[in-house]
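**Q** Model the placement of chain B on the given structure of chain A, informed by the hints.
These are the residues of each chain, in order.
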Amino acid sequence: MRPAGYVRRRLPLALAQVAAVASAVFLLAEVLPGDAAVVLAGDDPDPERIVRIRASLRLDRPLPERFAEWAGGLARGDFGESLVSGRPVLDLVLDALWPTVVLASATLAVLVPLSVWAGVTAALHEGGRFDRCLTAVGVALYAVPEFALAVVLIVAFGGLLPVTALGGLTPATLVLPVAVLVARPLCSLSRLVRAGMIDALASGYAVHASRLGVPERRVRYVHALPNAVAPAVQQLARTVDWLLGGVIIVEAVFVIPGLGTLLVDAVADRDLPVLQGLAVLFAATTVLVNLAADLAAFRSAPRA
Amino acid sequence: MRRLLLVVPLFVALCGPWLSASGDTLHGVSYDLGTGWLGTDFAGRDVWQQVLLGGRGLATVTVLATAGAYLLGVLWGLAAATSRRHLADELLMRPLDLLLAVPSLFLLLLLATLFPSGGLVWIVMLIHLPDIARLSRAAALEAAHSPVVEALRLQGESWWRTTVHHVGGSVARTLAADAGTRLTGTLYLAAAASFLGVGVPPDAADWAVMIERNRAGLLLNPWAVLAPALMIIMLSVGLNLSFDRALRKP
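Protein sequences appear in the order of chains A and B. Each step along the first sequence adds one to the number in numbering that gives the first Met the number 0, with nothing skipped, and position 99 is 98. Each step along the second sequence adds one to the number in numbering that gives the first Met the number 0, with nothing skipped, and position 111 is 110.
No lab work stands behind these hints: they were computed from the structure. C-beta: ideal position from N, C-alpha, C; glycine also. Do not take every clue at face value.
Examples of chain A residues toward chain B, derived with CB under 10 Å [what the hints assert, rightly or not]: (1) 4; (2) 6; (3) 10; (4) 141; (5) 145; (6) 150; (7) 153; (8) 169; (9) 251; (10) 265; (11) 283.
One chain only, chain B, in its complex shape:
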C-alpha cells in the first residue's frame, strides 16, 4: 500500500513524458468529459496527457532544490561550527535568523516578486537554507572542537579534509534523519508556488498549475482537477510514509 502510493505517482512523473503519445493533444472543446480518457481541460487539451506530462517538472524542482539546499546549508553550517572566531560564527548565523522570522510561503512570494526571472529552484533552496545550516551547525559543534580535529589542524591538514571529511561525517546521521521531512517540505513549497503561479508559465503542463487553471470547470469536468490533485496527494503521502518506515527500522 505504502509502496503503491509512492511508486504510482513517481512512475507517472518520471516516465509520463515518454508514455504521452503526442505531447499536447488538442481536442478543441473545453471541459468535455466525452473525449479522451479523462476528458479535456480549460484549453481543450487531453487531461490524461497533461497528467502524464505534468509531474516531471515538480519532481525535478523538488529534488534539485532539496539537494542544493543541503549542499549549501551543510557547508554553511560547517563553516560556522568550525570557525575559530566567535565573530565569524555570528556573522554567518545571524542573517539567517532574519529569514526565519518570515513565514516561508510569504518569503517565497516576496522573492518571486523581487526576482521575477529567478528560478523556483533557487527560491525554494534559499527558504530551506537557514534550517539546514542551523541544524548542521548544531550537530557539528561538538565534533568540530574535539581533540581529533585539533590534532588534524595542527598536522596542517587542509580545511576540506578536516571539516568536510571528519566533521561532516559525524553530522551525516542527524541530517539523514531530517532528509525525509525536508524532501516532503520542498515538494509542498514547490507545489504551492506553482499553484500560486510563481515560477511556472500559466499554461504549463504541471499538476499544481492544472489544479489552479481547471478549478473554474470543477463541475463540468472534475477529473481535470481531481487527477492531478490525487497525484500530488499520493506522492506526498507515499513519500512521508516511506521515510517514516525507513527511519523506524535503522
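Just chain A, same shape as in the assembly:
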C-alpha cells in the first residue's frame, strides 16, 4: 500500500477518535452535579445568584442545544471562554503553547539522537561495559517519577544553573528541565534501538551485504539502522504521551508558564471550558503523533 492510501484510510478514524474524546469530556462535565454557575458563585452560593449566572451563561437551555452550539464553536476554532478570567480559551492555550513547544522540541532534539547513538553503540559492542551500564541504568531509571528526579537535580546543580523559567526560557534554564524529561524515555528508546540493531546486524541481509564487500559503515547505517529504528519510532509515539505527562510535572517543578501549568491551574479552579479545550488539544496531538509514527515506521521498513 502507498503511504497516501494508508493516511487516507487512517485519518477518518483519527478524527472520529478526537471528536469522541471531546464529546465524552463535554458530556461527563454535564452529568456531574454542580455546573459552571455553581463554581462561579463561589464559597457562599446564593440560589438566586446561581440562577442568574446560569441564565447569563445560557446554561439553562436544553442539553442538545448547548451541545450543538459547543460542537459548532469547536469546528470554527471557538473553544469558549475561561470561567475564571473570562478570556477566550483559545488565547489562553496559544499563550501557554509556546513554552511547552520549546520544552518538548528541545527534549526531542536531545532525546532522539542520543538514544539512537547510545543504542547503536551498545549494539556494536554487545556485552561490553557500555552495553551493561546502559542496560542497568535503563532498567533503573525507567520508572523514576520526574518530580523526584527533578528535586534531586535541583539540590545538586541548583547553585550552578537557574531553576525557574519565570523570566522566559533561555538555554540555561532549559538544561535541568530537559535533563529530567529526557531521562525516562531515553532508557526505553535506547534499549529498543539496541535490540533492533542487534537483530538487524545478525539478519541475513546484513550478513549478505558484508559478504558482498559492502563497506561496514554502509551496512550499519544504511541497511541495518532503518530497520532497527522501526520499533523505536512506535515507542517514540508512546514517549509523546509520557512527554505530555512529564511536561505537566516538570512545568510545575520549574515554574514554567506552559500548558501543564495552565492545566494544573484549570484543575484547581474547576475551569471546565479550559479543560475541554486542553482535552481536545491533547487528544488531537496524541492521535496525530501515533498516526505519524505508524507512517514513519511504514516508510522506514515497508511491509505488506
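**A** Frame of chain A, contents of chain B only:
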C-alpha cells in the same frame, strides 16, 4: 544492592508508622536544621517522623490500584475474547480506545477534577484498565477459540469454569511478565498525582506531598525534600531492578 534499594524504602513505608514515636512531632520552627534528625518541614514538623509516616499511603494506593486494575481488566479482556458475537467484542473494546487517546497524567487530572470526591485508587485503576484489557484479550483470543473450550462449552460447563479457569490460565504467563512494569507504572502515577495535589489532603504525611510542600524551603532545609525524594527513587529503582531480574531467570 538491588535488594537493599527495594527493602529499605519498603520497610520504611510499611513499618514506619509503627516506628514513628508520636505521630506528628511539632517543633514549631519551619525549616529548622537544628532540631530533630533531619530538621523540620514547612509547618515545623519533624522531617524524619514525616518520612516514617509518609510511605504507607503511597504503597497502599499502588498495590490496591494495580490489583484492582488487573482484576477488572482481565475479566474485561476475557469477556471480550470469549464473546461469540463480533458486536459484543467491539462494544467492549472500542470505548477503551478512547481512553488510550488521552495522555495518562492528563486523564488523571481530568478525572480528579470531574470527580473531586473519588479516590485516587479508582482513578489510577481506570487509567490502567484499557492496557490490561487489551493485553489479556489478545493473549486469550487463541485459547478462547480452541477445541477444548468449545468442548467445555458444549458440555454445559459454566462461564466461570470455561473462561476464568481454562482461558484465564493460559493468559496468566503473559500477564505475569507485564506485572512488574505495571506496578512501577502505578507507583509513578500515584506519586505524580499526589505531587500535583490530587486525591490527598495538602498537609498529608506523604512522600510526594512532602516534596511539593517543602520545595519552597529547599535552600533552608534540603533534607525535607531530599529524604522523601530519595525514598521514592529508591523504591521505583529497586522495584524495577528486582522485577527485571526475576523475569530474566524464569
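**Q** All hints, please: hold or fail.
**A** These are the hints, each one checked on the structure:
no.	hint	verdict
1	4	violated, 22 Å
2	6	violated, 18 Å
3	10	violated, 14 Å
4	141	holds, 6 Å
5	145	holds, 8 Å
6	150	holds, 5 Å
7	153	holds, 7 Å
8	169	violated, 21 Å
9	251	holds, 7 Å
10	265	holds, 8 Å
11	283	holds, 9 Å
The earlier numbered hints that this structure contradicts are 1, 2, 3 and 8.
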